[in-house]
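All chains should be built: construct the whole structure from the sequences, respecting the hints.
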Amino acid sequence: MKLAVCINHVPDTAAKINIASDGKNIDKTGVTFVLNPYDEYAIEECLRLKEKNTGEVIAISLGGDSHKETLRKALAMGVDKAVLLKDESPRDSFAVARALADYLKEISADAIFFGKQSVDSDDAAVGTMVAEMLGLPSVSVAVKLEIANGTATAEREIEGGKEKVQITLPAVFTAQKGLNEPRYPSLKGIMSSKNKPIEEKAPAPSQVKAEVLAMRKPPSKNAGKIIGTDVNAVPELVRLLHEEAKVI
Amino acid sequence: MKILAFAEQRDNKLKKSAFEVVHTARTIADQIGGEVIALVIGDQVQVIAGELGGYGATKILAVQQPKLGKYSSTAYAKVIAEIAKKEQADIILLPATAMGRDSAPRVAVKLDAGIASDCIAFKVDSGNIIATRPVYAGKALTEIKINSAVKVFTLRPNVFPAGTSTSMAAKVEVTDIPLAESDFASLVIETTQASGKIDVAEADIIVSGGRGMKGPENFKMIEDLAGVLGGAVGASRAVVDAGWRPHNEQVGQTGKTVSPSLYIAVAISGSIQHLAGMSSSKYIVAINKDKDAPIFQIADYGIVADAFDIVPAIMLETKMLLGK
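Chains as they are written, first to last, in the numbering used here: chain A, 1 to 248; chain B, 1 to 324.
Read the hints as simulated data drawn from the structure, not as lab findings.
As the structure is a prediction and not an experimental result, all values here were calculated from the model.
You may find that some hints are simply not true.
[What the hints assert, rightly or not] Below are the DSSO-like pairs computed for lysine-lysine, each with C-alpha atoms no more than 30 angstroms apart in a straight line:
| id | chain 1 | residue 1 | chain 2 | residue 2 |
| --- | --- | --- | --- | --- |
| 1 | A | Lys-246 | B | Lys-220 |
| 2 | B | Lys-289 | A | Lys-16 |
| 3 | B | Lys-145 | A | Lys-221 |
| 4 | A | Lys-162 | B | Lys-282 |
| 5 | B | Lys-145 | A | Lys-217 |
| 6 | A | Lys-2 | A | Lys-86 |
| 7 | B | Lys-110 | A | Lys-86 |
| 8 | B | Lys-67 | A | Lys-162 |
| 9 | A | Lys-221 | B | Lys-289 |
| 10 | B | Lys-15 | A | Lys-164 |
Put into structure tokens, the structure is as follows:
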């Protein structure tokens, strides 16, 4: 099986986010960047499929040189090949999907994986956009996946339940937490990843359709009142929720 | 300007988000001038489509086929895009639900349209629609202007008002979009719904438990309180990672970002990634033994005490109030 996994390099979820002086981007000073958490599930699923069916796993990332760090993590986890689509121009989901789809078209993988969303822009659109661009079926937010004889049966999360989707490969999947338990890179994997080549490609420029006009911090919430320190505070809390907040 | 509003139904019932999307389309149309076309897709949806009548649509379309009774990413996207073309819609609104977030990217590609997902506000500025959407799970907000001719937006559920029915009742037109077998390449074959459970992403009230609950067995009181309030159960990442609660209840940056009217954080200290996912809740109550817990920095009301004493007392007090 030829498996492709598209990964992103994003601020750690524990990072505080501040706005850069241009008022459109985040201030990257002091921010640690990591492999997008949902992409770990996508990589793990590829590695498991490869272990079961043989084949190769190709990790692809679109961005600047800093993305090599995340591609190395993928190599350390066990992917066979890493490709950097080197481009630092601002791109919206459509433009990211276009660059990835152009490359994926060349390699014709049997299954293409993404994290269900990148925890920076949170658009959750790129994976399914790539599927549409390549004319492939897809399952987004997958929490369970079985592939046998070219047919995939996947479960995806919906509000208050799950739905089971059946599709024929080649196909696109976006991974949700719960799909598997991602492995930690082994020491041997980390060592050998350092010397593996990372192929670089230059994607075609693409127009940004969804333009960021401004970025700001959400209005800060002020700490409210501490009503009390024991059970005697409860009637007052319930009264406030009922009469002041009017939420119960 | 023509706005196409995709009104989601499941099991032949319109979702609350359907009214939110149609009503928001009307609000935008009132500012920018134009028509609202509501679209319902399913098996026999003509009757339920009529329920949208007074919510601001100029026209309501029902596309119904037996095979559309179950969701299909590929087929639904095709129907939405074909209707958009036929009606020459400039703006497409969908809910940012499991269904909307799955079909919207396909619709955008089919129409060569830019997309802004999970929007929480819209304004009209010199004829342009500016959408506000959270990024970094709500640690920042962006204002987005889409420059393509057709624009796709998905709306976070529970944020926009659903409006109320007015006398301006649009009629339902049944219309057909021919679909081939290949259009159903992605097809749902089975849906399992946890009966009577409210999803944390759709809930108006959420009672969330953290590591301070000490063990999975103690979540009974969280469930009970959520039950009394008619809300959903949420959980912190620590609790989900420990296997105490299912991951679909996780609130925070690698879980769900929520904006309920009331969020009760029980024994949750409030890590950055958790606060990002829930700080846009209208009212936040924090119950924690540690008076220095970061959750108190954003809580409207706090009680510094042991959750095991406070939660049962809130339940009793609320039951009395609600006469349950």
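So, going through the hints one by one against the coordinates:
1. A:Lys-246 with B:Lys-220: holds (26 angstroms)
2. B:Lys-289 with A:Lys-16: holds (25 angstroms)
3. B:Lys-145 with A:Lys-221: The hint holds at about 27 angstroms.
4. A:Lys-162 with B:Lys-282: Roughly 28 angstroms between the alpha carbons, so the hint for Lys-162 of chain A and Lys-282 of chain B holds.
5. B:Lys-145 with A:Lys-217: holds (18 angstroms)
6. A:Lys-2 with A:Lys-86: Answer holds: Lys-2 of chain A to Lys-86 of chain A is near 22 angstroms, not above 30 angstroms.
7. B:Lys-110 with A:Lys-86: holds (26 angstroms)
8. B:Lys-67 with A:Lys-162: Given pair Lys-67 of chain B, Lys-162 of chain A holds - Cα atoms ~19 angstroms apart, limit 30 angstroms.
9. A:Lys-221 with B:Lys-289: holds (21 angstroms)
10. B:Lys-15 with A:Lys-164: holds (20 angstroms)
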